[in-house]
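Asks: Listed in order, the protein sequences are those of chains A and B.
If you read the first sequence in the working numbering, its first letter stands for residue 1, the second for the next number, and so on.
If you read the second sequence in the working numbering, its first letter stands for residue 1, the second for the next number, and so on.
These are calculated hints, taken from the structure and not from any lab test.
All values reported here derive from a predicted model rather than from experimental measurement.
For each residue, glycine too, the CB sits at the ideal point set by N, CA and C.
Just to be clear, a hint being listed does not mean it is correct.
[As the list claims (entries may be wrong)] Here are some chain B residues the structure puts well away from chain A; computed CB gaps all over 10 Å:
1. Gly128
2. Glu180
3. Phe185
4. Ile206
5. Lys208
6. Asp215
[To be verified] Restraint-style ranges between C-beta atoms, simulated for each label pair:
7. A/Arg202 x B/Gly39: 30 to 38 Å
8. A/Asn205 x B/Thr46: 45 to 53 Å
9. A/Glu76 x B/Gln122: 30 to 38 Å
10. A/Glu56 x B/Glu5: 50 to 58 Å
11. A/Ser172 x B/Lys24: 51 to 59 Å
12. A/Asn205 x B/Glu18: 20 to 28 Å
13. B/Glu132 x A/Phe48: 43 to 51 Å
14. A/Ser83 x B/Leu11: 30 to 38 Å
15. B/Lys191 x A/Glu219: 46 to 54 Å
16. B/Glu5 x A/Arg102: 20 to 28 Å
Take a look at the letters that make up each chain.
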Amino acid sequence: MSSPPIPHSSVVQLFEHFGADLDDHNDRRERIIKASRDITNISKKVIFLLHRIVLENTNNTDDVALAKRAAQSGYEKLRDVQSLYAKLAVELQGDRYWRYQRQVSPGLQEYIEALSFAHYLDHGSLITFDQVQQTLMDPHGVPYFPLTSSDHLLGLSDLTGELMRFAISGISRRGGRKKASEVCAFVRGCKSDFERMTPYIRDLNKKQAVTTQSLEKIEDAAYAIVVRSSEYDLPPEMLDDIVAQSISNYSSSGVDNGAAFGHDTYHKHPSTGRHRGRDINDDEDDNR
Amino acid sequence: MDSDEVEKINLMLERDVELREKIKEHVNEFDKRTRTMVGMLNKIHTTPSDANRLEIAVPALLDSARTVLLSCRETTHALSVTVPENQFWRWKDMWSNPIRTAVFAATLIEYLSGRTLLSLPQAANMIGIKEEWSDRVNLPVEDYLHGLISLVNELSRLAVNAVTLGNFDEPIKISIFVKELFVGFSMLNLKNDTLRRRYDSLKYDIKKIEEVVYDVSLRKLTVGSQHRPLAPAS
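With the rest of the complex left out, here is chain B (with noise of 0.2 Å):
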């Protein structure tokens, strides 16, 4: 190789251990937020069991943990602004774990507060991406799903917890919520991959949501079983 030509190949070799620095300071401000929302998110576990209190203190939960997401929205500023056109898919690795775990956050904290499923465009909207950036930073359906799948391993300790601190009918309304899902992610095909491992997990959190949803059931603790017997869940 003539001279000119090594320093180029090795500025080039260079400039990409640069960016690739750069991307890593703004994915470790990143994890750090995501890390702190779950750590927040934990306590749904053992907050008072007393009915009004619970009423209290988990929207307060929700709204700390709300604010950090919301956060999160410089750090994935700071990645479009860093990440060169069109080369997305070149870094996304770097940041999957937090981009995942914050979607885990934003759904989990929504089932919490409005019992309902948030969608990818919302998911994405909260984290702050932007469809013009979609070529640099994106939500890909694969890192919302794998996301999707925390929330339902969540949801079934959650269903065992709530039981503990007197909440009855929290394990049916995630029975009913996590079984929809689950038929969702039915319909996907899956490469052997990550994704298909960690759907394959998936019945036995539902098993054990069941479980929980039959042994309050039966003992004629929930709400519905007062007026009638109910059978056992299937």
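Chain A on its own, in the form it takes in the complex (with noise of 0.2 Å):
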């Protein structure tokens, strides 16, 4: 099989069409990789947005309420990110996104955990692999691209730290202690789910050490509050209030006045303390 010698012209034609290739290849993976970081910034954002919301100080103590409220929120700013994914799937059509799966992943996870956190927000639960999916497709129910289980998992297991802070910021609040033993029995659920998979998914072994870590701080945050309770012989609502009380008096009486927190606070009749509450609130109301 001979072919007639390709001439000197076409070796550089070929290698003029390979370069074209290589570049549009290279430009490609620029734009994902541009595309990835800003949706690693975005919602990386919603996550400190939903941390902000849920800690807010309001007159009405409707946790869930407060927290769907965040969802909400959440699940707003987020469509920012579909319409990224809208405009990179182009990009990634066809056999494409295979090729760029690496520079697309980080980015992915990133929101997947800040959409499963929005979610647990609203629902109290784990969002699937569907829903997931479901958020990451055109009006017409075609997807951007295909979602694969890899990088679902390890964005939910990115969720469980921020689940931590989530139970551990909100502990000194009414019904903190509560939600906290939620989400460490949540955490805990998690942690197992994940265990059968993980020979199956490179790095999400690492991904459960730092969610066994994240569980021992919730595990030991609610045993540190049971153990302090056991030593007041009062409901656990009422403990809030008076640690609330002290707080307030605190601040209101400025810094200097030591009157203000000292045994006094903690002696009193609990049906006193429960009314000091109710003002105490209505002052901060003033104070804003």
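Put the two chains together into one complex, using the hints given.
Replies: Below, the structure written as structure tokens:
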């Protein structure tokens, strides 16, 4: 089999074509990396937003409603990410997605972390694979790209860290301890579900180690609460009020007035304490 | 996670593992055949120096190597059946090595039989890759280029051994051929990856070939040098 010799100019042409091909690929890769960084950025901001909202001081101590409100804000902001993926979809069509999967992955996992956090605040449950894929589809139900079980699970694994922060930073609020023990049970469940999948997914092992640490932190916090509250023979909400009152006394009477807190506060009659609690809330409103 | 979801995800993961194992089987077969070819082609450095015997021995060698190359079409076909739609880039790294070796072998055979460069589409055809499979099995530019670089590595070695076997014209043919390829490669904008590093090694091959050309020309061993003095190869 002898084909006609390729003249010099053809070799040059051949390589020009290769050059264009490689340039096209590298340029696309860069565009995807940039988009991925933007996605990571927005997702991280959403996570901070969610934490911020659930810690808002409000009159209405209905944590469930507050959590749902946070979730809605989160979903809204995450629509920016979804539109970035919509734009990116054209670069990832056909067999291209897998060529750039490693560049898409980090941003995608961050997005799933943020989305699943909002979902937890909204529903108290773990978002499913199908539900995540549904957020990454065009109006006709065509996915922007195929979601992989790997990215899904790695994103969910990161969620446990945020839940730990959520549980602990809210622990001193009304109902915080109940919430913390719910989160504790939830994270424990996640950890055991993921364990079965670690042989199949690279890096899930490492994330499980982090999840274990997070779980321990929540467990330690829950323990401390049980031990301490056992010293006082009062229902948990009342203890919350007493602590809240003490903090408010401190800030409303200024730093120098040491009398604001001390044992007097703790030994007040429970009903008085509750009454004072309501007043304090009103004060806070006036001061805002 | 509810138990349905857990089951569903585990099923997905297990399917991926099974797929990987099936692909691995085909890749191992591909690998075996390319290694066989490389073993055969290694003989070009030692085939007899006697001109007559050379003319018989090398083509025969190339024919047997070509047969093995064409047999690779079975494995590429098997891969095209196993790899799911649009997942070429997901699995391709599993067979990068054999496919680059196949390109190397194919281009080497082409050079030795016709002294020309086998183009990418021609190489893909030899290995049995069909257009309609391109989303499952394909010959991307990068793998073709890796194959070419291996070809240059091999030719620089052949230049030396050809002279040892008494073939004084081969190095000059090789030099012309390889320099053209090098010009082509220099036109590419490469990232700092393996391809770039291997490209960088090309200049040492060229230097080696040029030294051989220099040696044989100055000593007036080549046909061309017998008629007029040759300047040292630049």
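Asks: So, for every hint listed, does it hold in this structure?
Replies: Okay, the hints, checked on the actual structure:
1. Gly128: holds, 15 Å
2. Glu180: Since the minimum Cβ distance to chain A is about 5 Å, B/Glu180 lies within 10 Å and the statement is violated.
3. Phe185: violated, 7 Å
4. Ile206: Correct as stated: the minimum Cβ-Cβ distance to chain A is 15 Å, above 10 Å.
5. Lys208: B/Lys208 clear of chain A: closest Cβ-Cβ about 21 Å, beyond 10 Å.
6. Asp215: Since the minimum Cβ distance to chain A is about 25 Å, B/Asp215 lies beyond 10 Å and the statement holds.
7. A/Arg202 x B/Gly39: 30 to 38 Å: Holds - the Cβ-Cβ distance for A/Arg202 and B/Gly39, about 35 Å, lies within 30 to 38 Å.
8. A/Asn205 x B/Thr46: 45 to 53 Å: Given about 51 Å between the Cβ atoms, the range holds.
9. A/Glu76 x B/Gln122: 30 to 38 Å: Violated - the Cβ-Cβ distance for A/Glu76 and B/Gln122, about 55 Å, lies outside 30 to 38 Å.
10. A/Glu56 x B/Glu5: 50 to 58 Å: violated, 32 Å
11. A/Ser172 x B/Lys24: 51 to 59 Å: holds, 55 Å
12. A/Asn205 x B/Glu18: 20 to 28 Å: holds, 22 Å
13. B/Glu132 x A/Phe48: 43 to 51 Å: Between B/Glu132 and A/Phe48, where Cβ atoms are some 49 Å apart, the hint holds.
14. A/Ser83 x B/Leu11: 30 to 38 Å: Since the Cβ atoms of A/Ser83 and B/Leu11 sit about 32 Å apart, the hinted range of 30 to 38 Å holds.
15. B/Lys191 x A/Glu219: 46 to 54 Å: holds, 47 Å
16. B/Glu5 x A/Arg102: 20 to 28 Å: With a Cβ separation near 26 Å, B/Glu5 and A/Arg102 satisfy 20 to 28 Å, so the hint holds.
Checked against the numbered hints given earlier, the structure breaks hints 2, 3, 9 and 10 and satisfies all the rest.
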